[in-house]
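Enquirer: Order-wise, the sequence lines are chains A and B.
Residue numbers for the first sequence follow the working numbering, so the first one is 1 and each next one is one higher.
Residue numbers for the second sequence follow the working numbering, so the first one is 1001 and each next one is one higher.
Warning: the hint list may mix true and false statements.
Not everything, but these chain B residues come out facing chain A in the computed CB check (under 8 Å) [claimed, not checked]: (1) Gly1042; (2) Leu1045; (3) Met1054; (4) Gly1058; (5) Asp1059; (6) Leu1090; (7) Gln1102; (8) Pro1103; (9) Gln1104; (10) Phe1106; (11) Gly1107; (12) Asp1108.
Here are some chain B residues the structure puts well away from chain A; computed CB gaps all over 10 Å [unchecked claim]: (13) Gly1016; (14) Glu1022; (15) Leu1043; (16) Arg1044; (17) Lys1071; (18) Ser1082; (19) Thr1083; (20) Ser1087; (21) Ser1113.
If you only want the chain B side, here are some residues facing chain A, beta carbon under 8 Å, derived [to be verified]: (22) Gly1040; (23) Leu1041; (24) Gly1109.
Please keep in mind that the hints were generated in silico from the structure rather than gathered at the bench.
Glycine included, every Cβ here is placed at the ideal spot set by N, Cα and C.
Here is what each chain is made of, one letter per residue.
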Amino acid sequence: AQSVTQLDSQVPVFEEAPVELRCNYSSSVSVYLFWYVQYPNQGLQLLLKYLSGSTLVKGINGFEAEFNKSQTSFHLRKPSVHISDTAEYFCAVTRVSGGYNKLIFGAGTRLAVHP
Amino acid sequence: DVKVTQSSRYLVKRTGEKVFLECVQDMDHENMFWYRQDPGLGLRLIYFSYDVKMKEKGDIPEGYSVSREKKERFSLILESASTNQTSMYLCASSYWDRIIHQPQHFGDGTRLSIL
């Protein structure tokens, strides 16, 4: 079975500072990895995903994530955040195999960007 | 733009009531999902449907049922509501993909309170 750990429940940061949201996963098989963002009072949006190929994945709104198989991590980064990036961010994992496999979500990280 | 519409943003019901949560998507997506979101737990899959009249149980199906009579509509039913079903409910959809079937588009959620 797969599991996801988001290491920080809350991350406060000043505007224009860089940010890293950490995600570690556990799996005995190959996985696909995702980051979703949830703005206040809204549903989730897919930010980026890793399926295969380059381990550095670029997403929307200037975010990127790096897949590190040896560290079983998929950390999300942005070099300079804006107030509008204030949201909750969810890391998720699913196994690579035929058929439908459930997406396992982490508990979420609240990013609070301060002026 | 893809639109996933949940019929209610806020809903208050009494214990023992039968509760219906409705979700409609306008992109002809094959896959539809119902998730429950609780603080500190992330999102947990209740049910998944990959076609009309087809459904698969997720992680926490107990106390819930679903209906998909038309491709665009996926209903979640609480047969006899209980206070531990007070939560945020999120509907999602995605197209069928040979590789991966994970949710891509979410509704804004229904915050359900059971008194």
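Enquirer: Determine for every hint whether it applies to the structure shown.
Expert: Going through the hints against the structure:
1. For the restraint placing Gly1042(B) at the interface with chain A, the shortest Cβ-Cβ distance is roughly 4 Å, inside the 8 Å limit, so the hint holds.
2. Hint status for Leu1045(B): holds, given a least beta-carbon distance of 5 Å to chain A, under 8 Å.
3. Restraint check, Met1054(B) versus chain A: the minimum CB separation of about 11 Å is more than 8 Å; hint violated.
4. Nearest Cβ of chain A to the Cβ of Gly1058(B): about 6 Å, under the 8 Å cut. The hint holds.
5. For Asp1059(B), the suggested interface contact is upheld, since its CB lies about 7 Å from the closest CB of chain A, less than 8 Å.
6. A least Cβ separation of about 6 Å between Leu1090(B) and chain A falls short of the 8 Å threshold, and the interface hint therefore holds.
7. For Gln1102(B), the shortest C-beta to C-beta distance to chain A is roughly 5 Å, which falls under 8 Å, so the interface hint holds.
8. The criterion of a C-beta within 8 Å of any C-beta in chain A is met by Pro1103(B), whose closest approach is roughly 7 Å, and the hint holds.
9. For Gln1104(B), the interface hint holds, the least distance from its beta-carbon to any beta-carbon of chain A being 5 Å, beneath 8 Å.
10. The beta carbon of Phe1106(B) comes within 3 Å of a beta carbon in chain A, closer than 8 Å, and the hint placing it at the interface holds.
11. Interface restraint check for Gly1107(B): the shortest CB-CB distance to chain A comes to about 5 Å, inside 8 Å, so the restraint holds.
12. About 5 Å separates the beta-carbon of Asp1108(B) from the nearest beta-carbon of chain A, less than 8 Å, and the hint is met.
13. With a cut of 10 Å on Cβ distances, Gly1016(B) stays outside the contact zone with chain A, its closest approach being about 29 Å.
14. Its beta-carbon lying about 15 Å from the closest one in chain A, Glu1022(B) satisfies the requirement of being farther than 10 Å from that chain.
15. Non-interface status of Leu1043(B) relative to chain A is broken: a Cβ of that chain comes within 10 Å, the nearest being about 4 Å off.
16. Its beta-carbon lying about 7 Å from the closest one in chain A, Arg1044(B) breaks the requirement of being farther than 10 Å from that chain.
17. With 10 Å as the threshold on Cβ separation, the claim that Lys1071(B) sits away from chain A holds: the shortest Cβ distance comes to roughly 17 Å.
18. Ser1082(B), annotated as away from the interface, keeps every beta carbon of chain A farther than 10 Å; the closest lies near 23 Å.
19. Annotated as non-interface, Thr1083(B) keeps its C-beta farther than 10 Å from every C-beta of chain A; the closest such distance is 22 Å.
20. The beta carbon of Ser1087(B) sits about 14 Å from the closest Cβ of chain A, which is more than 10 Å, so the claim that it is off the interface holds.
21. At roughly 16 Å from the closest C-beta of chain A, the C-beta of Ser1113(B) stays outside 10 Å, upholding its exclusion from the interface.
22. With a cut of 8 Å, the hint placing Gly1040(B) at the interface with chain A holds, because the nearest CB-to-CB distance is about 5 Å.
23. Proximity of Leu1041(B) to chain A holds as hinted, the smallest CB-CB distance being about 6 Å (cut-off 8 Å).
24. With a cut of 8 Å, the hint placing Gly1109(B) at the interface with chain A holds, because the nearest CB-to-CB distance is about 6 Å.
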